[in-house]
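Line order of the protein sequences matches chains W and S. Quick note: the first sequence, position 243, residue 243 per our numbering, numbers continuous. Quick note: the second sequence, position 390, residue 390 per our numbering, numbers continuous.
Treat the hints loosely; a few may be bogus.
For identical chains, the list gives no copy identity; a pair is met inside one copy or between any two copies.
To be verified - Below, simulated DSS-like cross-link-like pairs (lysine-lysine); rule was C-alpha separation at most 25 Å, straight line:
1. K298 x K240
2. K381 x K240
3. K485 x K240
Since the hints were derived computationally from the structure, they do not count as laboratory data. If you're wondering where the values come from, they're calculated on a predicted model, not measured in any experiment.
There are 2 protein chains.
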Amino acid sequence: MKTRFLLFVFLMLSASLYAQDQSRPNIIVFMVDDLGWQDLSEPFYKEKTAINERFHTPTIEKLARESTKFTNAYSTSVCTPTRISLLTGMNAAHHKVTNWTHPTANKPTDAADEMLTPPDWNINGLSPVPNISHTVYATPLPQVLKENGYYTIHVGKAHWGAAGTPGANPTNLGFIVNIAGHAAGHPQSYYGTENYGNIPNKASYQAVPDLSEFHGTDTFLTEALTLKAIQSIKEPIRRKEPFFLNLSHYAVHVPIQPDDRFVQKYLDQGLDSTEAAYSSLVEGFDKSLGDVVAFLKKEGIYDNTVIIFMSDNGGLSLAPPRSGEEHTQNRPLKAGKGSLYEGGIRIPLLIKKTDGKPAQSEQPVIVEDLFPTILDFAQVKESNLVQEIDGMSLKPVLEGRENNSWKERALIWNYPHKWVPTDGHGINYFSAIRLGDYKLIYDIKHGKLELYNLKKDIGEQHNLASTMNAKTKKLSKMLADQLRKWDALLPVYTSSGESIPYPDRL
Amino acid sequence: MKTRFLLFVFLMLSASLYAQDQSRPNIIVFMVDDLGWQDLSEPFYKEKTAINERFHTPTIEKLARESTKFTNAYSTSVCTPTRISLLTGMNAAHHKVTNWTHPTANKPTDAADEMLTPPDWNINGLSPVPNISHTVYATPLPQVLKENGYYTIHVGKAHWGAAGTPGANPTNLGFIVNIAGHAAGHPQSYYGTENYGNIPNKASYQAVPDLSEFHGTDTFLTEALTLKAIQSIKEPIRRKEPFFLNLSHYAVHVPIQPDDRFVQKYLDQGLDSTEAAYSSLVEGFDKSLGDVVAFLKKEGIYDNTVIIFMSDNGGLSLAPPRSGEEHTQNRPLKAGKGSLYEGGIRIPLLIKKTDGKPAQSEQPVIVEDLFPTILDFAQVKESNLVQEIDGMSLKPVLEGRENNSWKERALIWNYPHKWVPTDGHGINYFSAIRLGDYKLIYDIKHGKLELYNLKKDIGEQHNLASTMNAKTKKLSKMLADQLRKWDALLPVYTSSGESIPYPDRL
Numbered sequence: 001m002k003t004r005f006l007l008f009v010f011l012m013l014s015a016s017l018y019a020q021d022q023s024r025p026n027i028i029v030f031m032v033d034d035l036g037w038q039d040l041s042e043p044f045y046k047e048k049t050a051i052n053e054r055f056h057t058p059t060i061e062k063l064a065r066e067s068t069k070f071t072n073a074y075s076t077s078v079c080t081p082t083r084i085s086l087l088t089g090m091n092a093a094h095h096k097v098t099n100w101t102h103p104t105a106n107k108p109t110d111a112a113d114e115m116l117t118p119p120d121w122n123i124n125g126l127s128p129v130p131n132i133s134h135t136v137y138a139t140p141l142p143q144v145l146k147e148n149g150y151y152t153i154h155v156g157k158a159h160w161g162a163a164g165t166p167g168a169n170p171t172n173l174g175f176i177v178n179i180a181g182h183a184a185g186h187p188q189s190y191y192g193t194e195n196y197g198n199i200p201n202k203a204s205y206q207a208v209p210d211l212s213e214f215h216g217t218d219t220f221l222t223e224a225l226t227l228k229a230i231q232s233i234k235e236p237i238r239r240k241e242p243f244f245l246n247l248s249h250y251a252v253h254v255p256i257q258p259d260d261r262f263v264q265k266y267l268d269q270g271l272d273s274t275e276a277a278y279s280s281l282v283e284g285f286d287k288s289l290g291d292v293v294a295f296l297k298k299e300g301i302y303d304n305t306v307i308i309f310m311s312d313n314g315g316l317s318l319a320p321p322r323s324g325e326e327h328t329q330n331r332p333l334k335a336g337k338g339s340l341y342e343g344g345i346r347i348p349l350l351i352k353k354t355d356g357k358p359a360q361s362e363q364p365v366i367v368e369d370l371f372p373t374i375l376d377f378a379q380v381k382e383s384n385l386v387q388e389i390d391g392m393s394l395k396p397v398l399e400g401r402e403n404n405s406w407k408e409r410a411l412i413w414n415y416p417h418k419w420v421p422t423d424g425h426g427i428n429y430f431s432a433i434r435l436g437d438y439k440l441i442y443d444i445k446h447g448k449l450e451l452y453n454l455k456k457d458i459g460e461q462h463n464l465a466s467t468m469n470a471k472t473k474k475l476s477k478m479l480a481d482q483l484r485k486w487d488a489l490l491p492v493y494t495s496s497g498e499s500i501p502y503p504d505r506l
Numbered sequence: 001m002k003t004r005f006l007l008f009v010f011l012m013l014s015a016s017l018y019a020q021d022q023s024r025p026n027i028i029v030f031m032v033d034d035l036g037w038q039d040l041s042e043p044f045y046k047e048k049t050a051i052n053e054r055f056h057t058p059t060i061e062k063l064a065r066e067s068t069k070f071t072n073a074y075s076t077s078v079c080t081p082t083r084i085s086l087l088t089g090m091n092a093a094h095h096k097v098t099n100w101t102h103p104t105a106n107k108p109t110d111a112a113d114e115m116l117t118p119p120d121w122n123i124n125g126l127s128p129v130p131n132i133s134h135t136v137y138a139t140p141l142p143q144v145l146k147e148n149g150y151y152t153i154h155v156g157k158a159h160w161g162a163a164g165t166p167g168a169n170p171t172n173l174g175f176i177v178n179i180a181g182h183a184a185g186h187p188q189s190y191y192g193t194e195n196y197g198n199i200p201n202k203a204s205y206q207a208v209p210d211l212s213e214f215h216g217t218d219t220f221l222t223e224a225l226t227l228k229a230i231q232s233i234k235e236p237i238r239r240k241e242p243f244f245l246n247l248s249h250y251a252v253h254v255p256i257q258p259d260d261r262f263v264q265k266y267l268d269q270g271l272d273s274t275e276a277a278y279s280s281l282v283e284g285f286d287k288s289l290g291d292v293v294a295f296l297k298k299e300g301i302y303d304n305t306v307i308i309f310m311s312d313n314g315g316l317s318l319a320p321p322r323s324g325e326e327h328t329q330n331r332p333l334k335a336g337k338g339s340l341y342e343g344g345i346r347i348p349l350l351i352k353k354t355d356g357k358p359a360q361s362e363q364p365v366i367v368e369d370l371f372p373t374i375l376d377f378a379q380v381k382e383s384n385l386v387q388e389i390d391g392m393s394l395k396p397v398l399e400g401r402e403n404n405s406w407k408e409r410a411l412i413w414n415y416p417h418k419w420v421p422t423d424g425h426g427i428n429y430f431s432a433i434r435l436g437d438y439k440l441i442y443d444i445k446h447g448k449l450e451l452y453n454l455k456k457d458i459g460e461q462h463n464l465a466s467t468m469n470a471k472t473k474k475l476s477k478m479l480a481d482q483l484r485k486w487d488a489l490l491p492v493y494t495s496s497g498e499s500i501p502y503p504d505r506l
């Protein structure tokens with residue numbers, strides 16, 4: 001009897017100790033800011049494109065050989081909504097942080113429009129506590145992971161909430177460690193020699209915090225963040241605790257500043273200084289991922305680490321700051337960041353599981369799916385979330401056993417905002433839905449619908465709305481029903497104060 | 001046999017689990033910046049002084065009833081040397097960060113002198129890695145504690161190393177969490193409404209990082225740091241790990257800005273706006289400590305928490321920024337911050353042990369003693385330090401069983417620098433030694449010695465150097481021998497390039 005009791009205690013204790021060991025995988029989200037779908041030497045299309053040919057990302061190429069490659073992965077069209085979908089599992093139309101948030105509180109970022117007034121959206125971003133004005137109150141992913149035994153680390157761009165609200169600081173969102181994340185959405189400078197912006201009387205809201213040991217040195221921001229990320233994961237490794245690392249590079253967001261370690265190669269390729277700089281930012285994050293991978297291998301924990309590589313929206317196609325003709329930078333995709341055309345929302349996504357088996361999936365997936373997926377990897381069965389999540393775990397997709405519900409699964413976008421002064425290119429005031437191969441786009445301001453068959457027409461050149469009436473009607477109803485269910489926001493006619501109708505009421 | 005084996009395993013596992021439990025105390029160093037020895041309503045002198053009467057620090061009064069009060073405790077005369085002595089266990093003459101460090105690398109902070117050139121001191125502060133120019137390479141206290149199972153948190157002013165060197169960032173010194181610590185030695189602003197300085201085009205090196213959630217709010221810096229400290233210790237409490245919290249307030253350093261929660265009381269007392277503001281900064285940190293204590297009690301861990309309350313140097317006696325006649329602010333002590341007279345180096349020190357027994361000790365002690373004391377509290381028996389420590393554990397003093405070695409114990413100061421443009425008041429270029437009741441002061445620039453009996457003459461008004469030749473000679477030899485042993489730095493005659501002699505070679 002005594003033996004049995006002791007055995008029981010022993011097993012209980014073992015279980016408790018084991019839970020702190022590496023029986024659960026480490027999880028890294030490696031997010032790049034504003035990276036276009038093709039801005040890698042690894043293609044996510046059926047073939048390598050001219051754009052792919054420009055870039056050198058050997059680490060991503062290697063990682064793709066050990067990952068599931070998602071060739072129809074999506075984010076939202078601008079940064080903050082994507083980042084909040086990742087941390088909440090909610091669709092942007094649902095969490096209502098539908099636009100990028102200002103570094104300071106209570107400041108809408110909508111451009112002025114002669115006809116429409118923006119809706120009353122959650123301009124202050126995500127909040128982990130209730131009753132903060134203009135925020136979505138939700139249980140953040142790192143909070144859940146931390147409470148379930150993960151050591152949680154954020155390094156890089158945060159941009160989850162406005163200064164003056166709790167969401168501004170990643171330490172309020174469940175991250176044990178925060179390096180360089182705050183309320184701003186881009187770096188003032190990538191250069192250590194410029195203190196990443198922290199120069200007396202010159203610093204802006206975008207001066208990058210927490211990297212004082214690199215000030216005055218020639219450490220490029222991407223490298224500094226990499227060094228801090230590697231340093232930070234040493235602690236959970238020492239503790240034998242699984243970790244969640246959100247390594248969220250400021251690259252390749254503007255300012256497009258050359259990374260001197262890599263830029264000459266691209267100038268030699270014949271690129272102009274802007275595009276060579278952009279390509280050097282790309283190679284810089286590829287080197288960062290390579291360094292992290294090398295460290296994980298040295299520590300013997302690479303296999304037991306899930307790596308999710310992604311961008312937060314499509315590549316920037318405004319020129320300037322990019323070079324060349326505007327909105328050609330993502331061809332064959334139409335437009336770029338800010339747009340609900342494919343150029344603005346289609347992202348590269350790799351998920352390396354612990355088995356390292358390569359696979360490819362054409363399943364359309366979206367950023368909020370990563371929330372339940374990551375909880376699945378972390379073996380978190382139950383968690384008390386205050387929000388209802390919209391994402392679906394990619395586990396069955398990753399295991400090649402997705403059922404029919406995935407075929408009927410619709411993806412939704414809602415961007416009831418004006419981002420740039422001139423309308424067009426799918427950027428200002430659009431909603432959209434993708435179901436199977438078809439995508440319906442609702443031009444909110446002009447009350448028009450467009451329908452595309454993405455399988456045949458990834459460039460969205462052939463609007464089928466007038467020829468495929470039934471499909472158009474079905475998708476507009478599905479989109480409207482879902483928006484209605486979420487009480488999704490649409491702009492208001494300034495003159496009459498009336499709301500614009502959902503797309504099935506056109 | 002099976003039973004025995006299981007019992008053995010069970011005991012081993014229990015021990016391992018127990019080690020993570022609260023069998024070892026939590027340790028809080030609550031450091032106030034530039035707080036004078038009497039700037040509290042709790043006296044550290046034989047009687048309550050006129051200065052004590054000005055202040056309202058009810059939390060400190062309560063804490064003193066549960067602590068050992070050290071009535072002869074010392075720091076160095078300026079901030080960085082004290083902070084580095086705390087983290088290294090080394091005397092400042094030994095670690096050679098003898099002056100405050102500039103926020104940026106490779107910049108001496110010595111004022112210009114017509115006669116003397118400052119020595120080649122460690123202007124870049126502390127480094128946890130070797131071969132960093134002009135730093136003292138040492139194993140920092142939080143590193144040792146972390147490696148021995150403590151969850152280590154820094155909140156507030158750091159000022160251990162210059163930007164551009166590893167010591168600038170507390171996360172390189174063994175702190176798991178760093179909130180608001182960087183290379184600067186004071187806050188640009190105490191006001192949340194001023195973003196603690198982080199205002200575009202106005203931020204200085206002193207803009208306080210990491211508190212973006214309070215920007216634009218009326219959260220005073222002292223309060224913001226308190227909230228973050230309490231939030232930070234929730235994690236080790238949840239984990240049932242002992243923690244080390246270095247809560248190092250920016251208060252009461254300049255800028256002397258009123259804390260609106262408390263200032264009216266002091267204006268009503270008849271103080272001018274500057275001194276009322278100063279007193280409000282004092283009451284602000286008292287409230288901070290009170291809030292931390294209340295939280296510890298609520299969590300049921302107050303008893304198991306060691307609290308060390310201290311200042312980093314004497315009270316500022318320059319006017320302005322203080323009001324009144326210069327160098328009267330610490331009377332009966334002579335001079336203030338920067339000086340090797342008692343006003344510059346004598347600090348309040350309370351150590352609350354887990355038994356909460358009140359006691360008082362007249363034993364002269366100095367900041368580097370806290371390093372081995374804290375390791376004793378943490379039950380760290382051995383640690384691989386790269387430095388040789390100078391401090392002595394206060395454990396025997398705290399237990400009322402100090403042996404004779406304590407009576408023979410000499411305290412040493414060395415400040416081979418010019419802090420203010422005008423010499424005098426024990427500030428520019430001084431070394432000193434205290435043995436028992438006697439203190440010898442070496443005026444380096446003018447080659448003079450002063451001797452005081454502090455027991456009879458705490459105000460250092462009666463120089464005994466000429467009347468007590470033997471004592472003067474003995475102490476000058478002891479001081480010189482120790483400085484020589486450490487190869488301590490002295491300034492150089494600019495004209496001849498010759499070093500100034502140690503005090504026994506006058």
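Hints the structure violates: just list their numbers, smallest first. Hint check: 3 fails alone, others pass.
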